[in-house]
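Each chain, written out:
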Amino acid sequence: MSTLRALAKAQAVATGVAQPVATVRHLHLAERPLVLVPLALAGEANAPLATLVGTAPDTARLLVVPQPRNRDQRFRFAAELATVVLPYLARYHTVSEAVPVDRGRDVRHRYVDAPQLLVPNPAGVTFLRLLGRSTRFRRPDGEHPVHPDVPLLGRWLTFLAERAEQPGSSALVALTDALTLHWATGQSTVEDQHLPALLGWIDPPAGSTGAQAAARAEDPRVCPPAGPATDPDFDNRVLAPAIAAYARTEDDPAARAAAYAELERVLRDQLAPTWELMWRGVGLLRALPPGARVAARWDGDKDAFTGHTEHLDAAGGPQPRRDGAVAAAVRLHRLERALASYAVQRAYDDPLVMAEHRLTGEAFVGDVVLADPKRVDDSGRRPVLRPRIQVVTTEPVLVPAGTTLFSPARPAQKAKVVFLTPAADGKTEVVLELSGGMGRGLTAPPGTVPEVGERLCLTTLSDGFLPAGAFPAPEETPWTHGGPPTSTAERPTDGDAAEDWS
Amino acid sequence: MLVDRPRPGRTGGERLSWRIVTSTAQRLAAIRGDVPPKRHNARTIAALSGNPGCARRAVLDGAGVDKPKLAERIGFPARFGQSRFAIARGNAFEAQVKADGGVELLRLVAQRLGVPVPQRADWTDLGGDDALPDRQERSRRALTATGPDAALFDHPLLGLNVAGQRVYLEPDLVAARLGGRFHVVEIKSFPVIDGQADPAKVAAAAIQSAVYVLALRELLAGQGQDPELVSHDVVLVCPRDFANRPMASLLDVRKQLLVLRRQLERMARLDVLLAAVPPDFTADPAADTTTLTAALRTVEARYAPECLATCELAYFCRDEARGHTGALGRAVREALGGVEEVSEVLALATGERAALPERAEAAALLRAAARLRADALAGDPA
Ligand code: SF4
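Residue numbers (my numbering), protein chains in the order written: chain A, 1 to 502; chain B, 1 to 382.
For reference, chain A alone in the conformation it holds in the complex:
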C-alpha cells in the first residue's frame, strides 16, 4: 500500500468518513450497465440459488432455483439467465465503426460500444466465471441436452470473466474494487470487500458516521451479505424450511405455487438491499468526471467484444479448460503489460495518483523558469530541433543526469535530464532537453514546448508503446514447455458435456 493511500485511510478514521484517493473516475461506466447480484447455495460447487438482474434500478428481474441441488433446475436457471444476458449483449451487436489500422492504410470494423456487467464483489466475478465454466461445454444434444442458449451464455460469461482479469478493463466489474479505487475507508481491505460496509464509509446516511454505518452493515439481520455466499443463519432459519416446504408440494400445484412464491419472497428480501446499494455505488462513481484515458481503454474492451463475437460467428469452440504453455505465457505477458500501462495511465490522468509517484521520487513538479524553444542541435549528420528548458522544483529529484523523463501534459515528448543543480532553499534546478511531439520541422509549433511560468510534472513513468514479447507458435512449442497442445486438458472433449453435476 502506498503511503499516500495509507494516510488517506488514517484521515478516514479521524474524520469518520471515507476519503478520496482519486480525482477522476478510472473506469468506464455504461449508460445502461447490466447489474447482477448472484446468490449461491452454501457447500455446493457454485450452485446458483437466486439472482437479481437488470439494467436499471426499477427493472430488477428475480431468478430463483427452488431446488439448487437439482441439476436440471440449475440448467434451467442458466437458460433463464441467458434470456436476460444474451439480448443485453445483442444490443451492442448493431452498429460498428471503422478503425484505421496499419498507419491508416487499412481499416477494420468494431462495435461502437460494448456491454458492461457489474457485480457486487470479486466473489461475484468468480461466481460468473465458474458458471461460465460449468455451462460452456454443455450441448443441446446427446446424453444431457440443455437449451442451446446455455453453452452460449457459458462462453460469454467466460469471456467476461477473462476480461475482468485484465487490469483496466471495464467489461465485468466488481463494485467493491471500483469503489476502493476511488475512496479509502477507515477499515481494512478485508472489511472493504463487504459492499454494505464499504458504502457505509463512503456515503453514510445522514446523522451517522461512516464507522457507525459500517458497523450496522455488518449485522446480517440488518443488512444481508452482498453474496454470493448467504448468511448461515438465514440458511438455517429461513431458507432451509422454505426449500423443504417447496420440496413437499410435488403433487399439489396450488401448494407448489404458494411455496415458490414464499421462496421468491425470502430470497428477494436477501437480494434487494444489495441491489439498492449497487445502484447507489454506480451513482457515486458516475458523479466523478472520467479520466482522459478511460475512453481509450474502453476501446480495448470494444475490440475484445468484437473479437469474441467474430470468434463465435465463425463457429469457434468454447474456451479451453486450461491454457497451453504458450497461451499461458502470452496471457501472463499481456496482463503484465496491461497492469503496467494501467498504472501509468491512472497517474497521467489523475494528479492524486501521480502524487503517490511524487512521494516515491518517480515524479516531481516544478516551474519552468527558462525556455529555449528554438534550440537546434547540429552536431550530428543533420540538424535536429532540441529545445531546452530549465525547471525549478522544491521536491527531491532522485533521478541522475541522462535520465529520460515524460510529462502527462505532453505524453509524446521526451525530456532528457542534462544538468541537475542544487539551488537555494533546498530547491533543485533541472535542465531538460526535449525531443519528440513537436512536428517534423526545425521550429516547434506553439504550445509544444513548455513556456516560462508553466507548472510541469515530470516523471520516469512512460505511457509509450511497449513492444510485445515474441512467443513461438503453439505447434512450435518445445517439449520443455509442454510441447504442441495435444493434451485433453487444453482442448474441450465430448466428455465434458457428459460431466455431471452433484
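Among the hints, erroneous ones may be present.
[Said to hold, decoys possible] When the alpha-carbon atoms are kept at most 20 Å apart in a straight line, the in silico EDC-like pairs for lysine to aspartate or glutamate are as follows:
1) A/K427 to B/D375
2) B/K69 to A/D233
3) B/K255 to B/E265
4) A/K416 to A/D377
5) B/K69 to A/D219
6) B/K38 to B/E170
7) A/K416 to A/D372
Hints in this document: simulated from the structure, not taken from any laboratory.
On the provided structure of chain A, position chain B with the ligand as indicated by the hints.
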C-alpha cells in the same frame, strides 16, 4: 505471585483475589470459572496459529474458555455460523467416498502417491461410541500394529496435549503402509475445478491436517517408533469439477507443522504468560459484563484484521483497537512508517507534533505525503 497492580473494574474479580493460586492448572481453572474447559478440536487448534503473538488469545484458549459465549456476554457476539447446507454436503460427500469400504479411496491415494495400487488392503473402522480413552487405546493398537498389507483406518482417535489439556482428534482417514509410510487423508467437499481450489479453503485444510500429522507422530513416538514414518504430505480428497467424483491431491504441510509446534510449545509454557496477567483476571461467564470487559482489557491483545476470520473475540478486540493503524492492516501500518496511533500519524503529518528522533524519517514521509495529498486535492497541477 500475587503482585498488586492497578486493576480496573474490580467488583466481580474481588472474590478471586483472596485465593492463593498455586499451580498453572488451578489458575487457568479460576480464570475459566465454574465450568468445564471447552474442548479443543483440530479446527480450534489450527486457529491457534492464526495470531500466535496474542497473549489474550493464548490465555483464554489455554484456560479452555468458551470464547463464543464470552464474546456474547461482553456484547460483541462472533459470527461463525455454519450453514446446514454446507454441513450436509460435507457429510454426504465423505459418506459417498467411503461407501465402498475404501476400495476407491485406496486407488485414489495410491495413485496420487505414485505407488502401485495394492491388491488388497485392510479397512478398519475406528469410530464408535465407547469412552474416548478406550477408543483412543483401540486406535493406538490398530495404528501401531504391523502387518503385510496396506491398511486404511476410518476415523481413528488421536490425542494431543494443548496447554496441559488432553485433546482428542479425529482425522477422516489414515492410510498406513502405502509407499512405506503413514498418510493423513482429509476429505473435504469444496471442489477442485480444472486443478484449482479456493486458496483459503486449501489453507484451512492444510493447517487442520497438520494437527493430525502432529498427533499421529506423537502417537508413534510414544510407542518408540520413528515419528517420521508419518508423511508430511497429506492427501486431500475433494470433488472434482462440478461432479461428485472424488480426486486426490497432495498437500505439503511442513510449514504448518513448524507454526503449530511453535504455538503448542508456547501454550505449554503458559505460566510465563500468566505471570503478566493480573491475579484477579477472570473470564468466568458468570461474572458481570463490566467485570469481564475490564478484565479482558488487562491482558494484552494484538488485533489484526485477520482475527475476523480466526478468533471469536475479533469484534471486541477490533473495537478496542480503533484508532490504531494496525487495525487497518499490517500493510497500512508499515506504509505509515510503523506509527501506531492514527492520531499520532495525523499530528506528525501536519507537523503539529515534533517527531522524536527515531520517528524523524517517518515524520518527514508523512509530512510530504500530507502536502502532496492536499496539493492534488486542491487541484494543483500535473
Ligand atoms: S481477536 Fe483479539 S484475542 Fe483473538 S487473536 Fe485477535 S487480538 Fe487476540
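Taking the earlier hints as the rules, which of them does this structure contradict? Failing hints: none at all.
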